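Residue numbers (the working numbering), protein chains in the order written: chain A, 1 to 306; chain B, 1001 to 1230; chain C, 2001 to 2414.
Keep in mind that the hints were calculated from the coordinates and are not lab data.
The structure presented is a predicted model; accordingly, all values stated were derived computationally and were not measured.
There's no promise every hint is true.
[As the list claims (entries may be wrong)] Have a look at the derived ranges for each label pair, beta carbon to beta carbon:
| hint | chain 1 | residue 1 | chain 2 | residue 2 | range |
| --- | --- | --- | --- | --- | --- |
| 1 | C | K2387 | A | A163 | 38 to 46 Å |
| 2 | A | V147 | C | T2313 | 41 to 49 Å |
| 3 | C | D2391 | A | L255 | 49 to 57 Å |
| 4 | A | A288 | B | R1015 | 42 to 50 Å |
| 5 | B | S1132 | A | V147 | 48 to 56 Å |
| 6 | C | N2213 | A | F284 | 26 to 34 Å |
| 7 | B | R1015 | A | R204 | 32 to 40 Å |
| 8 | A | G49 | B | L1225 | 55 to 63 Å |
| 9 | C | E2394 | A | A163 | 36 to 44 Å |
| 10 | A | F20 | C | Q2353 | 53 to 61 Å |
| 11 | A | L106 | C | V2386 | 50 to 58 Å |
| 12 | C | R2111 | B | R1052 | 35 to 43 Å |
Positions of the beta carbon are idealized from the N, C-alpha and C atoms, including for glycine.
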Amino acid sequence: MGGISVHPLETQENRDMEDFIQYTVQGLSAGGFYALAALGLAVIFGALGVVNFAHGACYMLGAVGAAVLLGTFNINFWAALVIIPLLMFGFGVLIERLLIQWLLRLDILYNFLLTFGLALLLVDLVKREYGVSGLPYEVPPGLEGLVTIGSVSIQKYQLFVFAFSVVICLAVWLLLTRTRVGMIVRAATEEPERTRALGINVGRWVTPIFGFGIALAGLAGVLAAPFRAITASMGSNFIIVLFAIVVIGGLGSILGAVVAGFLVGLVEAYGQAYAPSFSQLVIFILMAIVILVRPAGLFGRRQEAV
Amino acid sequence: MLDITNLSASYGEARVLTDVSVTVNPGEVVTLVGRNGAGKTTLLKCVMGLHRDYEGGISLAGAPVDKRSPDQRAKAGIGWVPDDRGMYASLTVAENLTLPPVVHSSGWSLDKVYDAFPVLRERRNSMGTQLSGGEQQMLAIARVLRMGSRLLLLDEPSEGLAPVIVQRIGEIIREIKKEGVSVLLVEQNVKFASTVADRHYLLAQGRVVEQLDNADFQARESELLVHLGI
Amino acid sequence: MGITKRTGTAFATLVAGGVLLAGCAGGGGPSTGATSELTNDKVVIGVLNDQSGVYKDLSGPNSVEAVRMAIADYQEKYGDDAVASEIEVVTADHQNKPDVANTQAQAMYDRQNADIILDVPASSAALAVSTVAAEKQKLYINIGAATMELTGASCNKYTFHWAYNTQMLAKGATGLVEDGGETWSIVYPDYAFGQDMLKSFSEAVEGAGGTVNESIATPFPNDNFATFITKAQSTNPDVIGTMQAGGDLINFVKQFNQSGARDTTTLAVGLMFITDIHSLGVEEFAGTTFTDAWYWNYDDQNREWADRFMEITDTRPSFAHAANYSAAFQYLEAIQRAGTDDADAVVAELEGQKIDDVFLRNGEIRADHSVAHDTYLAKVKSPGDVKEEWDYEEIITTLPAAQAYAPVQESCSL
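Chain A extracted, bound-state conformation:
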């Protein structure tokens, strides 16, 4: 609303309606971002059965990486959108080969604890290197300011984040549903043993899938850099929201993560607007309701929840 002058004749109802539209746009924009960030978590859980607690830390690494690229190497946002996911893919592959793979056959709790420890380690290393106050980052040129559509003005960057997230989610969706690789991933996710017995080396796919999930977390981090504080602990709260999203959507469900991402974005925006103190609580109330009504989540298959 910032750029718009208020007409004296404007009625209160009009004004309320405009605000409502504004909140909705903000909710959808945040939702797209959440969906993208949660996607990697869902892919990794789906294919490996790993609850990746380090996802928030990897998101943080993406943002810190973008800030370092810009600050130290003068590499801009657009290049970072490509470079960081590639680096994070490599990092994910390394982590999977060195650590994750040894615990895959054990109870799910082992890798949960491993990734939890990994998150602590990464956060502390970044704190050691870059302090706690965070790193500067500016909005990429061309994406500053607002666009006005009708009576609603939207931040260009918000719009970009929304569009970019939707494109990435769609691309991942097509990759999973329309390609042979996607078919194998879905099969391996559903029944890893049986898929092996049908002549597919599931293990060979596990490493790149993990790397892919981590790359998505890094990508979300780059997107966050221009509009979020880039600090070592930026992922520590974020991961909690991401977990809420994948639980609402159904663990391991790609579609669920995307739908729940948007849902949480909207619920948060309306919460901020109409019940400010409870805007984060409403996310978890939503989660509690979903768990009570559909324990496996909105799109989860029952056996996965058990």
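The hints should help you fit chains B and C onto chain A, whose structure is shown.
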């Protein structure tokens, strides 16, 4: 084609199979007959490599496969049709069919599969688990035929199916036998087993108690039914 | 949250261990051989603050360094005549949690024989330590926390509040209202500090003839402020005041700038440290006004001290660093005058004292143990005006101590 020699298998502390030796010759259909819990499915899983806790040897066409992973064994020509038919809920019928790699030039083309099982062509865009039980069984068999597996492991293919469908499955088994494919069949339906198999192994409490050719098997059918408690 | 705090412990143990060792090695000083008037034969200064979390950069380990600078200056000044012939520094990480602060303070006073505890950011933790100090009858000079309660209803004989408080921070608002920023929306984090700040700012705005149209509570911590900002703008105020601190402040300002609100609305920040400006970049904050307790590049005296600080820490000091130095130095001076480190004697020396040092200008320790001193209305420079790294602030006016600080609180009785 398949030689299982002195195989013993356990689940943790529990011994499930003891000193089992089974041979399937090329182009031969052999059944494993026995009560529930006799260890039949475990034996198939050992052959497939899905159950690794065993001693003894398994070799395929003379080459030992014990050290190989399930996917390597599948590529070596073993085709598995699990007792739950192994449908993927997240894959369409067509995807369920084309998921495994073609491992041998004798593999059926997709057209041949669809000609043999017209219902699969009709429903190729449905999800795998939306098919009826009989259709799922057809799909599970068609899947390994498309791979070109030289040895099929069929786990109770007739279970829970209408007689007319069981009959159709019998026809398919006889047809692939003609192509020189070997079959190791786990079956409780003695009548059905006798219509398709060349030889039979009787399993009880994890041991092979008797080996019969089909003529003897048919002659002693009623006695065997009692033995199986059916 | 869980991660930060758990990490904190391990990291703090390392830092604290290292600092302790260094403290033992360096704190000895020349021995006088004179009869000691010191409890336990030495003065032990405890620095209790955030060694690993959100307040680490603005105070944290570098405040320990500042305290150590004060000790060196004291020893240089008095040499063999120093009453505090042996000085030790102990530190701990309170993780900004009141319960941890409580335990750590007790351990410092009882087991490590600390004569004084310094710093303690986060208001709830600061109040917890104040209670412990009163119980143990040992000194406590708070620097890092803002709450008025330390020198109000919860004040006590042994607690001093050295650097700033919420009322002083709100004085900046008076200036903005007088310059035409009459209508305000205030966005504040919904916990003790935020509520305090809302109260102080609302009083300051209304006292100067302005109005607060809307006050919006937000969760804490929080990283998505988009809708809060829209809501704050909905009444078209002249000024939006944010009471967010640390990472939340940076999130808020980034999103505020992108919302386009910057073009039509003045942004006032309730509490800002120079480390915040450094972190977000001067461009994002340019033009923002706030009240500062001290600025390193204000005059030659400050700058000279800041240069010494930089040699040791490789960074420029925040006002909290300078205040820690000042508090430690003035504490040692009080011991020197009293001839002993006995707590009651030192308190008597400090009370009513008028002080001028690198941090305190026209400083006075008042009846409620709040320290009034000149403060500064600061504006963040435009990137073009920045001449060197950390050269971020332009001091618009100096508020004399009497103006900057409200009268002594009546709710306090020592």
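### Task
Could you work out which earlier hints the structure fails to respect and list their numbers in ascending sequence?
8 and 12
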